[in-house]
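> Protein sequences appear in the order of chains A and B.
Its first residue numbered 1, the first sequence is counted upward by one per residue in the numbering used here.
Its first residue numbered 223, the second sequence is counted upward by one per residue in the numbering used here.
Just so you know, the hints here were simulated from the structure itself, not pulled from any lab data.
Quantities reported herein were computed from a predicted structural model and do not represent experimental measurements.
Please note: incorrect hints may appear among the correct ones.
To be verified - With a straight-line Cα cutoff of 30 Å, these simulated DSS-like cross-link-like pairs (lysine-lysine) come out:
(1) 187/A / 286/B
(2) 6/A / 253/B
(3) 40/A / 335/B
(4) 7/A / 279/B
(5) 154/A / 271/B
(6) 61/A / 286/B
(7) 61/A / 271/B
(8) 21/A / 333/B
(9) 232/B / 7/A
(10) 6/A / 271/B
(11) 333/B / 154/A
(12) 299/B / 6/A
(13) 61/A / 232/B
(14) 232/B / 21/A
(15) 40/A / 286/B
(16) 334/B / 253/B
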Amino acid sequence: MIVADKKPVEEIIEYVQGCKKILVLGCNECVTVCEAGGKKEVGVLASALRMYFLNQGEDVKIDEVTLERQCDHEYLEEIRDVADEYDAIVSLACGVGVQFMAEKYHSVPIYPGVNTCFLGATEQRGLWTERCQACGNCMLAITGGICPVSRCAKRILNGPCGGSSNGKCEIDSNLDCAWQLIIDRLKALGRLEDYEKICSIKDWSTDRAGGPRKVVREDVQI
Amino acid sequence: MRLTYPTSIKIVRVPCTGKVDIIHMLRAFEKGADGVCVIGCMEGDCHFKSGNFRARKRVEQVQKILTTVGIGGDRVKMYNLSSGEGPTFARYANEIHEIIMELGPNPIKLKKKQAA
Ligand code: SF4
Ligand code: SF4
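Take these sequences, add in the hints, and give me the full structure.
See below:
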């Protein structure tokens with residue numbers, strides 16, 4: 001899922017200064033799971049903003065809505081009739097949701113309420129870690145299901161580097177060396193011969209280096 | 223024991239302090255409470271293992287938010303005691319009462335009154 005983290009309330013207050021009617025808009029998907037932008041966080045932010053403006057002696061109306069998703073037309077359409085009533089919308093969706101909102105609603109400023117961080121997994125409650133950088137050409141089949149692109153600090157495709165020590169990466173002694181994990185996993189699978197194969201230069205044109213990307217699937221288009 | 227504690231304190235019963243969420247505390251302040259104190263079991267004695275630890279972290283979050291919005295983080299506090307400690311409860315209740323008396327009323331309660 002897309003992992004996001006909360007933005008400081010101070011920063012959001014800065015964005016919405018001077019507004020009289022604000023919508024705090026949550027998203028029911030990834031940001032709900034990583035507890036940054038779901039219904040619950042919408043409630044907390046809206047409550048904090050209400051108290052802030054009341055304390056400033058300003059009469060500001062703050063509404064709360066949480067959509068099923070903010071990265072699909074049909075769900076964003078749910079606020080079509082009310083969006084124009086607001087002076088600002090604070091979207092707690094990931095950067096995709098914030099941008100899609102802004103593309104659809106031109107007359108009202110949309111502000112991000114979270115920092116979108118990475119594609120990751122919930123390792124345990126309150127701990128999310130990166131697993132994928134969406135390189136567009138997945139190589140997990142040959143690396144024992146462990147991604148060197150996202151988990152090796154140097155994105156090395158034939159690792160480890162000389163900095164790997166006791167299974168840890170040289171950038172941080174608490175961080176597993178991705179290549180140590182790959183070797184251990186291949187060993188456990190009895191597939192160490194995969195490790196012996198030299199990985200040729202990766203085609204990075206499918207990665208961000210090739211500019212903004214798109215996926216076109218004519219078979220599912222209407 | 224017939225111990226007394228300030229009448230200004232309203233008790234809200236919860237099954238475990240782990241049930242107390244950030245929004246519950248914020249709503250209390252939004253509605254005009256001058257202070258909130260969360261009283262959980264002794265650390266290490268939670269029937270649900272970590273409910274009181276989680277409550278403490280949430281109280282810290284609320285303190286931060288209240289400071290940011292200008293209400294004051296000192297208005298919310300967490301205490302731990304065992305259910306058999308009546309006198310300690312009364313002492314904590316008096317303590318939070320004193321703290322709040324010193325801090326004065328919740329500023330947004332006053333602003334709401336002015337606006338009305
Ligand atoms: S190889 Fe690419 S697509 Fe596969 S997990 Fe790693 S970054 Fe993601
Ligand atoms: S120590 Fe391992 S994870 Fe760190 S940069 Fe070197 S190969 Fe990559």
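> Now look at each hint and say whether the structure bears it out.
Outcome of the hint check:
A distance of roughly 48 Å separates the Cα atoms of residue 187/A and residue 286/B; the hinted pair therefore is violated under the 30 Å criterion. Between residue 6/A and residue 253/B, the direct Cα distance comes to roughly 25 Å. Compliance with the 30 Å bound is thereby established for this hinted pair. Between residue 40/A and residue 335/B, the direct Cα distance comes to roughly 28 Å. Compliance with the 30 Å bound is thereby established for this hinted pair. Taking the CA atoms of residue 7/A and residue 279/B, the gap is near 18 Å; set against the 30 Å cutoff, the hint holds.
Restraint check: the Cα-Cα separation between residue 154/A and residue 271/B comes to about 41 Å, which exceeds 30 Å; the hinted pair is violated. A distance of roughly 23 Å separates the Cα atoms of residue 61/A and residue 286/B; the hinted pair therefore holds under the 30 Å criterion. The suggested pairing of residue 61/A with residue 271/B is violated, with an alpha-carbon distance near 40 Å, which exceeds 30 Å. About 19 Å separates the Cα atoms of residue 21/A and residue 333/B, which keeps this hinted pair within 30 Å; it holds.
For a cut-off of 30 Å, the pair hint linking residue 232/B to residue 7/A is broken: about 33 Å separates their Cα positions. Distance check on the hinted pair: residue 6/A and residue 271/B sit about 27 Å apart at the alpha-carbon level, within 30 Å; holds. The suggested pairing of residue 333/B with residue 154/A is violated, with an alpha-carbon distance near 55 Å, which exceeds 30 Å. Pair hint residue 299/B plus residue 6/A holds up; C-alpha atoms about 23 Å apart against a cutoff of 30 Å.
About 29 Å separates the Cα atoms of residue 61/A and residue 232/B, which keeps this hinted pair within 30 Å; it holds. Proposed proximity of residue 232/B and residue 21/A is contradicted: the alpha carbons are some 33 Å apart, above 30 Å. Taken as a hint, the residue 40/A and residue 286/B pair is honoured in the structure, with Cα atoms around 17 Å apart against an allowance of 30 Å. A threshold of 30 Å between alpha carbons decides the hint, and for residue 334/B with residue 253/B the separation of about 10 Å falls inside it, so the pair holds.
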